[in-house]
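A.B. asks: Letter by letter, the chains look like this.
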Amino acid sequence: MRQVIDVVALNVILVVFLIVCALVVERTKDLISAVIIFSAYSLMMSVLWLVLKTPDVALTEAAIGAGVTTIILIAVIGRTKRYEK
Amino acid sequence: MKKIIRLLLFAGLLGVLVINIMNMPAILSVDAPSYNDSIDHYLEHGVEETGATSIISAILADYRSFDTLGETIVLFTAIIALLSVLKVGDSTRKEG
Amino acid sequence: MKDQVLKTIARIITPFIQLYGIFIILNGHISPGGGFAGGTMIGTSLILYTLVFGVDQAKRKFSEKASAFAESGGIILYILIGVIGIVVAGHFLANKGAGFDMGTPGSLWSAGMIPLLMIAIGIKVASTFITIFHTLIEVKDA
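Residue numbers (the numbering used here), protein chains in the order written: chain A, 1 to 85; chain B, 1 to 96; chain C, 1 to 142.
It should be emphasised that the hints constitute simulated quantities derived from the structure, not laboratory data. Model, not experiment: these values are computed from the prediction. Glycine included, every Cβ here is placed at the ideal spot set by N, Cα and C. A hint or two may mislead.
[Stated by the list, open to error] Here are a few chain C residues that face chain B, going by a calculated C-beta distance under 8 angstroms: (1) 30; (2) 75; (3) 93; (4) 96; (5) 106; (6) 110; (7) 112; (8) 121; (9) 124; (10) 136.
Whole structure, please, built from the sequences with the hints as guidance.
C.D. replies: The structure is reproduced here in structure tokens:
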């Protein structure tokens, strides 16, 4: 019983963190900060996939979501403007 | 006034979402609609039919390998679109 | 970039990232992972090399010709494995019926065509990410 409560608490913490990250990404004017927060979102999502017992998706999310997406978005920002108007 | 209406609308949508999630079957439950005969088939015959002990890889690269080919073609299309729009300084092509 | 620490660390850590990516690809049929995750890791290691040593040196290591070869080669390898299924067993991407060696389930050499497909996907994905990054980071008036 104790273990079930722990897993539920971990789920709730992760989901609340995800929602906060998503809201903050929308509010941030500095686009590079937004990209870094989005990478934290992807990392939390990867831990959540691991809690949901899908290690394949967790591995792919950690590599693509937290790694490649961040770098590609920063490269795109480098070709445009850094601050949102 | 507009802002209050907007917030109320979003609160209503959030309520609908939360009620729906509360009514969903639990994770890994037997009542879930995604639990059907194909799962039993994959779990029972997956290893002897494909030889792969990781059932997810067996589904991804054997039972549904045509979909994986589609995913690969999506990546190919993406890279072609990117190169055709953004490629600079191609020294091998002559102007005109 | 001229930072000696970054250069040394990147030179040491890149082979290990690539080794882990190859491990993930080759073990795709017996453990979590597969072509997409492993290919992304190899692509990420090449992106790290580009970030530290610059585009020009990275293009000497992984040229546009090699990139084009890997791009088309991965997908053509995938389709050729499928065509073997058509010729031998009668339908596209047949595995057991096409006479691929099934081996013992759980060992590295098993599961017929699945490791070959994973290798094809891995080559394709790694080359896709590194090409996207090189194209995006190149300066327009170089």
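A.B. asks: Out of the numbered hints, which ones does the structure contradict?
C.D. replies: none
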